[in-house]
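Can you build the whole structure from these sequences, using the hints too?
Number of protein chains: 2
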Amino acid sequence: MWADLLPVGRMGSGGFRRFAWTAADMACREWFRGEAATRGMDVDTDRNGNLWAWLGPPGPDSFVTGSHLDSVPGGGAYDGPLGVVSGFAAIDALRARGCTPKRPIAVVAFTDEEGARFGVACLGSRLSTGAADPARTLALTDSDGTRLDEAMSAQGHDPVHVGADPGALQRIGVFVELHVEQGRALVDLGAPIGLATAIWPHGRWRYDFAGEGNHAGTTALADRRDPMLSYAMTVLAARKQARLAGALATFGKVTVDPGGTNAIAAGVTAWLDSRAPDEATLTDLVTAIAAQATERAGRDGVRLSVTAESETPLVDFPAGQLDWAATALGDPPRLATGAGHDAGVLARAGVPTAMLFVRNPTGVSHSPAEHADQDDCLAGVAALTELMVRHAC
Amino acid sequence: MWADLLPVGRMGSGGFRRFAWTAADMACREWFRGEAATRGMDVDTDRNGNLWAWLGPPGPDSFVTGSHLDSVPGGGAYDGPLGVVSGFAAIDALRARGCTPKRPIAVVAFTDEEGARFGVACLGSRLSTGAADPARTLALTDSDGTRLDEAMSAQGHDPVHVGADPGALQRIGVFVELHVEQGRALVDLGAPIGLATAIWPHGRWRYDFAGEGNHAGTTALADRRDPMLSYAMTVLAARKQARLAGALATFGKVTVDPGGTNAIAAGVTAWLDSRAPDEATLTDLVTAIAAQATERAGRDGVRLSVTAESETPLVDFPAGQLDWAATALGDPPRLATGAGHDAGVLARAGVPTAMLFVRNPTGVSHSPAEHADQDDCLAGVAALTELMVRHAC
Chain A
0 MWADLLPVGR MGSGGFRRFA WTAADMACRE WFRGEAATRG MDVDTDRNGN LWAWLGPPGP
60 DSFVTGSHLD SVPGGGAYDG PLGVVSGFAA IDALRARGCT PKRPIAVVAF TDEEGARFGV
120 ACLGSRLSTG AADPARTLAL TDSDGTRLDE AMSAQGHDPV HVGADPGALQ RIGVFVELHV
180 EQGRALVDLG APIGLATAIW PHGRWRYDFA GEGNHAGTTA LADRRDPMLS YAMTVLAARK
240 QARLAGALAT FGKVTVDPGG TNAIAAGVTA WLDSRAPDEA TLTDLVTAIA AQATERAGRD
300 GVRLSVTAES ETPLVDFPAG QLDWAATALG DPPRLATGAG HDAGVLARAG VPTAMLFVRN
360 PTGVSHSPAE HADQDDCLAG VAALTELMVR HAC
Chain B
0 MWADLLPVGR MGSGGFRRFA WTAADMACRE WFRGEAATRG MDVDTDRNGN LWAWLGPPGP
60 DSFVTGSHLD SVPGGGAYDG PLGVVSGFAA IDALRARGCT PKRPIAVVAF TDEEGARFGV
120 ACLGSRLSTG AADPARTLAL TDSDGTRLDE AMSAQGHDPV HVGADPGALQ RIGVFVELHV
180 EQGRALVDLG APIGLATAIW PHGRWRYDFA GEGNHAGTTA LADRRDPMLS YAMTVLAARK
240 QARLAGALAT FGKVTVDPGG TNAIAAGVTA WLDSRAPDEA TLTDLVTAIA AQATERAGRD
300 GVRLSVTAES ETPLVDFPAG QLDWAATALG DPPRLATGAG HDAGVLARAG VPTAMLFVRN
360 PTGVSHSPAE HADQDDCLAG VAALTELMVR HAC
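So the sequence lines, in the order shown, correspond to chains A and B. As numbered in numbering that gives the first Met the number 0, the first sequence has no gaps in its residue numbers, which increase by one up to the final residue, 392. As numbered in numbering that gives the first Met the number 0, the second sequence has no gaps in its residue numbers, which increase by one up to the final residue, 392.
Source of the hints: derived by calculation from the structure; they are not laboratory data. Keep in mind that the hints are not guaranteed to be accurate.
[To be verified] Below, a sample of chain A positions facing chain B; criterion: calculated Cβ distance under 8 angstroms:
#	residue
1	P57
2	G73
3	N213
4	G216
5	T218
6	L220
7	R242
8	L243
9	A244
10	P360
C-beta atoms are modelled at their ideal positions from N, C-alpha and C, and glycine is treated no differently.
So this is what it looks like as structure tokens:
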């Protein structure tokens with residue numbers, strides 16, 4: 000099952016590039032349909048492009064598990080696909096245990112979880128829960144200027160039906176997302192799996208620094224309005240303020256206009272990703288970073304505008320499902336995470352949801368070096384199978 | 000003449016994008032041939048792709064003037080083209096004065112002066128003087144991976160003959176390059192034109208920072224090896240060290256791998272452009288910047304390699320031509336510049352060379368805001384005409 004999926008969207012670096020509604024995404028979907036067919040499961044594509052493979056007829060109080068198949072640029076093999084592969088593997092294990100499900104079971108692959116192409120994460124689940132506005136979402140453009148609705152149409156998905164999909168969500172009795180851990184907490188705790196308690200509030204802010212393009216070889220330092228200087232100070236300020244706040248702040252994407260070696264930049268656009276244990280800390284942190292950036296930009300003769308591109312509040316996973324899963328699995332460690340997930344979007348919409356993490360020996364994620372040991376993956380499948388059996392059999 | 004050239008390679012921003020061996024470059028060359036034909040001048044394309052428009056048969060002790068037609072990304076209208084346009088305008092003025100040249104006159108457009116596409120400046124003049132190795136130069140690639148020899152072939156120029164061209168240079172009795180000033184020295188001096196004394200030593204250094212790609216939302220700050228931090232400190236260190244040295248240092252181009260909003264960068268590559276009044280100052284400056292960058296990278300868990308991509312020593316324009324031009328033009332101000340020029344490459348190769356600057360009211364260059372007033376442009380043409388008449392008539 001893994002071996003068939005691995006070549007899809009693989010880059011020379013060993014990392015993956017599986018952006019939503021690209022050929023790589025379509026190849027992942029084809030793989031999903033093949034795995035479902037092998038198990039005699041019917042596949043629905045819902046109005047937002049999420050894939051559902053059903054064991055038994057779709058219906059209420061179903062056990063749903065899954066994750067996503069898309070990746071960040073240069074992402075690893077596990078982030079997303081491990082949850083989908085484990086879902087199918089749990090179905091095999093359930094059958095091996097001789098269980099005949101009394102309730103429907105589905106494996107789901109949500110569309111465009113990473114937001115790598117259109118800049119907004121968890122689009123498939125956000126659209127289905129109504130958290131994302133269809134018209135605004137369909138008008139999002141990728142870096143080539145292609146609109147989301149055009150990208151969908153090009154792959155044969157009609158965007159006219161995109162939007163909230165309560166019917167699809169009401170069938171869910173419990174949703175369990177299994178995901179590779181994206182830090183090293185389970186390593187330190189010596190546990191192969193853990194349960195998510197919460198997702199930190201987080202967001203993305205775009206920093207547009209506008210200076211004055213000029214010749215790098217002839218413009219006196221005193222005559223410059225160089226936005227690269229303001230950006231550089233902002234990167235360092237973000238790190239320092241995050242450290243002081245016990246939170247996270249990262250600049251991982253920056254573009255320069257015009258971007259010539261011998262040209263002082265006219266403009267620098269950069270994206271701040273920030274996360275914190277609670278909303279007040281996050282607000283204070285991003286306010287402090289923006290204030291320091293604005294002050295420095297003023298000294299550099301640079302205009303700065305800061306735009307919030309997305310802001311996601313704290314998600315607490317529901318206590319009922321958390322305690323149910325903890326009891327079933329012998330009380331594994333519980334941990335909060337800074338990463339957004341479709342499970343968080345569903346939990347915020349009131350869907351009964353739990354989330355399992357599988358240990359990541361290095362903690363590395365969103366990188367080709369992302370990894371999980373086979374024994375830990377099997378422990379994840381066993382845990383998922385146990386929850387599936389308890390709910391459906 | 001200007002009006003015909005202006006639309007070529009023009010971007011939405013008003014800036015220009017005329018990279019060597021692109022369709023925009025070919026359109027500029029077509030314009031050059033048209034201007035030459037209008038004046039009854041024959042056009043040669045030499046082995047390196049430089050264009051020569053001859054008034055009278057090519058021969059020894061000729062008066063040659065000109066500059067280049069290519070641009071940096073988002074460059075202005077004057078950098079390069081002003082020298083070529085003024086060359087043709089000076090020929091018109093020479094004829095209006097009733098002069099019948101006793102020596103040949105040529106207007107030249109050197110290929111790929113900016114180095115915006117293949118990363119090395121003054122390729123046309125460097126190849127002709129033998130300062131650039133043909134095999135290494137032809138193997139240079141642009142950002143799409145296209146090699147220079149492929150780019151030449153695609154535009155119908157056979158790269159097999161590329162290399163030193165002493166025959167073309169030996170015809171030059173004196174070469175005068177007219178160029179818009181790229182700073183504000185002539186504004187402060189209240190003079191429409193000036194004469195170049197020297198070109199500061201300068202170079203480009205590539206900084207490759209290699210860290211560890213990881214998830215921006217889940218990786219503890221202490222576990223990160225984030226090359227963006229090392230880069231940011233280097234930008235600020237370069238500025239500070241340049242200020243202390245009375246020199247220039249600029250980071251105007253940076254690329255990030257993978258460049259995702261929610262991914263800590265695995266790698267950052269950035270280009271340092273640095274220039275100083277003398278070679279010892281430049282060496283000390285780039286050494287100090289590299290040392291600070293390396294120290295910071297070490298603290299960030301990041302590996303840094305610094306590669307010199309080009310280094311150009313000090314050029315003093317020859318005293319004979321400088322004094323000759325100064326006498327002819329009533330002793331205009333003399334100034335050194337931090338910008339490289341084809342005239343500098345020729346002067347270093349022993350070609351008798353002088354260089355004229357035309358006042359730039361804002362000092363802005365390599366930007367759509369680059370400008371020269373019409374009266375100052377006409378003063379430049381008048382000066383060029385005077386030198387042309389003194390040498391050729």
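Numbered hints the structure breaks, given as an ascending list:
Violated: hints 1, 8, 9, 10.
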